[in-house]
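Chemist: The whole structure should be built from the sequences, with the hints applied where relevant.
Per the numbering used here, the sequence shown runs over residues 2 to 368.
If you are wondering where the hints come from, they were derived from the structure by calculation, not from laboratory data. Some hints could be false.
EDC-like, lysine to aspartate or glutamate: derived pairs with alpha carbons at most 20 Å apart [as the list claims (entries may be wrong)]:
hint: 1; residue 1: K93; residue 2: D83
hint: 2; residue 1: K263; residue 2: E285
hint: 3; residue 1: K211; residue 2: D148
hint: 4; residue 1: K316; residue 2: E361
hint: 5; residue 1: K288; residue 2: D364
hint: 6; residue 1: K68; residue 2: D173
hint: 7; residue 1: K332; residue 2: D364
hint: 8; residue 1: K332; residue 2: D342
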Amino acid sequence: MYGITPSARLRPSPFYEATVREGVTNFTTYNHMLMPTAFGNPEAEYWRLINGVSQWDVAVERQVQLKGPDAGRLAQILAPRDLAKQKVGQGKYVPLCNHQGILINDPICLKLADDLYWLSIADSNIWFWAGAIAAERGLRVEVSEPDVSPMAIQGPKAEDVVAHVCGDWVRDVKYFWFRETDINGIPVVVQRSGWSKQGGFEIYLRDGTKGARLWNIFREAGQPWGIGPGGPNWCERVESGLISYGGDTDATTNPFEVRMGKFVDLHVPDDTIGIQALRVVATERPKRHSLGVVLDAGDPVAPGFHWNPVFMDGKKVGCMTNCIFSYRMKKNIGFALIDADCAIGDRVETRVSGAMQPGELTDLPFL
2 MYGITPSARL
12 RPSPFYEATV
22 REGVTNFTTY
32 NHMLMPTAFG
42 NPEAEYWRLI
52 NGVSQWDVAV
62 ERQVQLKGPD
72 AGRLAQILAP
82 RDLAKQKVGQ
92 GKYVPLCNHQ
102 GILINDPICL
112 KLADDLYWLS
122 IADSNIWFWA
132 GAIAAERGLR
142 VEVSEPDVSP
152 MAIQGPKAED
162 VVAHVCGDWV
172 RDVKYFWFRE
182 TDINGIPVVV
192 QRSGWSKQGG
202 FEIYLRDGTK
212 GARLWNIFRE
222 AGQPWGIGPG
232 GPNWCERVES
242 GLISYGGDTD
252 ATTNPFEVRM
262 GKFVDLHVPD
272 DTIGIQALRV
282 VATERPKRHS
292 LGVVLDAGDP
302 VAPGFHWNPV
312 FMDGKKVGCM
322 TNCIFSYRMK
332 KNIGFALIDA
342 DCAIGDRVET
352 RVSGAMQPGE
362 LTDLPFL
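Modeler: See below:
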């Protein structure tokens with residue numbers, strides 16, 4: 002059995018003690034924090050998400066706050082998606098790129114006011130990046146990490162639970178839109194979002210001292226709907242075709258290669274970081290693309306720690322970036338970041354669990 006060595010470099014979330022009481026069995030590290038990933042029964046946690054309602058500690062989705070007269074300008078400089086018509090109360094999914102057009106994060110950009118934005122980030126230090134760009138360009142904006150920690154309520158019954166706690170107004174909230182409110186005096190932002198395709202909300206706690214209290218409010222309110230703990234579910238997100246930044250991308254991946262092209266607006270201002278390179282990629286066509294792989298193997302296979310090479314006719318054509326046994330499909334599935342010439346229906350082989358496994362390329366999402 003392994004332990005966790007406490008360190009100032011590894012922060013617990015405001016919900017940490019609550020998840021320990023729930024019986025958390027596995028963590029991963031994400032944005033220098035601990036994220037619960039399992040509570041002892043992966044299949045039960047999966048079906049709870051598919052059929053009911055699951056409660057997640059996703060405080061690792063840190064917020065990079067842009068505040069000041071030039072906050073909107075900085076947000077647009079960072080994001081190759083047109084934010085000109087974004088309204089207060091609206092979130093937008095944005096691929097952030099470096100100057101070479103390489104994906105460095107894929108946050109949701111929340112507009113709280115004309116001079117206040119949050120970037121709800123994946124696993125990389127965008128706080129450093131945004132601060133450096135703001136300073137370099139002389140913008141009137143303060144870049145910081147606010148005391149904000151998301152908790153997710155996910156699954157087909159999530160709306161009923163959140164409406165029971167917050168009121169029926171949540172039923173009218175559109176996808177990625179949000180409202181600032183409070184729950185029994187606890188300041189929060191309630192957004193229809195979450196890293197699953199089963200529906201739900203993220204509750205952005207704005208006072209880290211109230212984590213256990215907020216957790217318990219939803220835990221108790223959700224009992225009639227069978228709420229239980231969980232975390233971003235590997236199986237469900239692969240079935241649903243959801244890309245994981247840093248898991249399904251590498252140091253050379255651009256948004257077009259991983260099905261994010263629809264979130265790139267080539268007409269954004271020329272000073273948007275990476276847009277010049279992305280225009281070239283769009284013109285010349287990406288060299289790789291992301292497809293699904295269904296392995297022939299009937300029994301579950303262990304994915305390993307890193308990408309598995311994919312071969313076609315004995316030649317390496319890419320990598321399988323994840324692999325999981327699908328409870329609904331009863332097959333081993335995953336994503337392949339693969340040469341653009343490879344197509345749906347092609348037969349491939351990948352080395353998984355120390356053996357070559359044949360399979361077929363498919364479209365995404367699987368379900």
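Chemist: To test your reading of the hints: which numbers does this structure violate?
Modeler: Violated: hints 6, 8.
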